[in-house]
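Student: Chain by chain, the residues run as shown.
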Amino acid sequence: MNILDIQNLLYIVAAFLFYLGIKGLTHPRTAVAGNLKGLAGMLLAMTIAMLAFQGDKSVWQGWYWIGGGVFIGSLIGWIAAKKVQMTAMPEMVALFNGSGGLASMLVAGAVFHHLTHIAGLQETINAAITDGISPMSQAAILDKGQPLQTFIATVASGIIGAITFTGSILAYYKLQGKFGNSSTNPLLKIGNILFLAISLGLGVLLVIKPELTWVFWAVVAAAMLCGVFFVMPIGGADMPVVLALLNSYSGIAACATGFVINNTVLIVAGAFVGASGLILTKIMCVAMNRSLTNVLFGVMAEVGVGPSADEVYAGKIKSTSPDEVAMIMDGVQRVCIVPGYGMAVSQSQHVVRDISDFLTEKDVEVTFGIHPVAGRMPGHMNVLLAEADVSYDQLHEMDTVNQYISQVDVCIVLGANDVVNPEARTNPKSAIAGMPIIDVDKAHTVVVVKRSLSPGFAGIPNPLFAMDNTLMMFGDGKKVMLELLKALKEN
Amino acid sequence: MFAFYLTIFALAIFLGFEIITKVPPTLHTPLMSGANAISGITIVGALIVAGLNPVGEGSTLPGAIGCLAVIFAMINVVGGFAVTHRMLEMFQKKRKGN
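The listed protein sequences correspond, in order, to chains A and B. Heads up, the first sequence is in the working numbering, so the first residue is 27 and it goes up one at a time. Heads up, the second sequence is in the working numbering, so the first residue is 13 and it goes up one at a time.
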């Protein structure tokens, strides 16, 4: 058994750890261990790559570039992960994701530059292979028998990595509320397809004439623009889908890199991530009753003859104050809080927890209704409420809440809009027709905390606000909730 | 060899779809960021290209690009696992508290 066999066996162990890791992450009890198994797999894979490599001084230039890179990267990643606010988690995930895509792209680029020294390196590798000890055939920057696949994989890795990179960066800005709108401007679609075509065309040229090393950077530049045009039309509220999809892309990019350097662990781990990202993407699309193509091209369902905001709201909006709500909540038995992106923006999750604790002490049953796409990333509300130490048992999924919502005395909608819009249920011509919603309108009293009557992401008025059992409590989420807590305590 | 790698890839994709049957919404974010950290496996490729000794005209370019790749891959790996762990501990603390 030579060093190559040992190396490959250990890579299988690492791949198995990734399998256990992702599997563990899908169950609450095993999630922490699952994440640590993934980390163990990563450390193992890195160690194998390094140790096997070191055996051959003829191709190994030492720790020169590696040591510094590992140190700087780890430091930045560690600090970012420790410092980030839970409310900024979607942005953080987007940045990490973009970072991974960029890394895959750069690996492909470095490989192409190595290929410019093809002759000399090939001899070295051949010599090492003859000796039967080469860890380099694992690195297999060059597999002389089948260079074509290597070139194709390199181009693929560069293109997918570049799209993941710029797509994630743009998603980051969109999550911060910059150019957040969706757009059906056909130019964006054309730009997307145009730059993808340019990128693929140059990629084919590069595969045929790999000695044109610098064309690689033109390929990735076009792919980067394609990534920008790809995310540009997608609106802020669709970000959960985009993040899940880009996550999948970063896995596929790593997978392509695996084909570049003929490394099984990259192929396997990349494929796992690609698959899990796609499943998450599908879950998010189902939760919005929209097809993936609709989301990607920024298309909301054809807006039929929807009533205008004036028609819906005119004279029917009842505004209320925290004092009044505190009085209504005196003596109630069941309260349900339905948070949305507004809770994240106003950072009111801690105040909400205080209100929940206060009411619980008074023997009020307080639950939270979580819509799967509330917020800007999959599971966004769960993360925020967990940060505020809201009990796990209090968080209920949409279907559970809808079963008991008619027995709820007061339902507080905090910064959510489209996910509680009854139009989805009642008006088949609405832009959000058929989207599963939390039926808050069936509660005895609905209190909607919102800054104004401005429409949500879907751009349609919400008849909920005008219903007889709805009270509007206008203002910043945190400020209003603080006042409500104060009023509750004074009552 | 290419067919072999393609087989591995196909099997891994199938397995990947099989692993995840049902994910509770609470774990959507951790699953995403944990999987994201695993996609940092590209670090193995980055380490290899950064450590390679360029033959021929002694260009430092591939090494420098490789070094950049190592930096970004490590941000992805370390940041991804750390942030996932932080989130999960938050969930964990609560469950024990009840």
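Keep in mind that a hint or two might mislead.
Unchecked claim - Below 25 Å or equal to it, Euclidean Cα-Cα: the simulated SDA-like pairs (lysine to any residue) are:
1. A:Lys504 <-> B:Tyr17
2. A:Lys308 <-> B:Lys34
3. A:Lys49 <-> B:Phe26
4. A:Lys515 <-> B:Phe21
5. B:Lys34 <-> A:Leu508
6. A:Lys49 <-> B:Phe21
7. A:Lys215 <-> B:Phe29
8. A:Lys388 <-> A:Lys512
9. A:Lys108 <-> B:Gln104
10. A:Lys235 <-> B:Thr72
11. A:Lys512 <-> A:Pro448
12. A:Lys515 <-> A:Leu497
13. A:Lys308 <-> A:Leu46
14. A:Lys512 <-> A:Glu391
15. A:Lys505 <-> B:Ala22
16. A:Lys504 <-> A:Lys515
17. A:Lys108 <-> B:Ala22
18. A:Lys515 <-> A:Lys308
19. B:Lys34 <-> A:Glu413
20. A:Lys308 <-> B:Thr72
21. A:Lys109 <-> B:Phe103
22. B:Lys34 <-> A:Tyr418
23. A:Lys49 <-> B:Thr72
24. A:Lys215 <-> A:Pro236
25. B:Lys34 <-> A:Lys512
26. A:Lys109 <-> B:Ile25
Stated by the list, open to error - For each label pair, taking beta carbons as the anchor points, the in silico distance ranges come out as:
27. A:Val230 <-> B:Glu101: 18 to 24 Å
28. A:Leu220 <-> B:Phe14: 41 to 47 Å
29. A:Lys455 <-> B:Lys34: 41 to 47 Å
30. A:Asn315 <-> B:Phe14: 52 to 58 Å
What the hints contain is simulated information worked out from the structure, not anything from laboratory work. From the three backbone atoms N, C-alpha and C, an ideal C-beta is built for every residue, glycine too.
Student: Checked against the structure, which of the hints given earlier come out wrong?
Tutor: Violated hints (numbers, rising): 1, 4, 5, 7, 11, 15, 17, 18, 20, 23, 24, 25, 26, 27, 28, 29, 30; every other hint is consistent with the structure.
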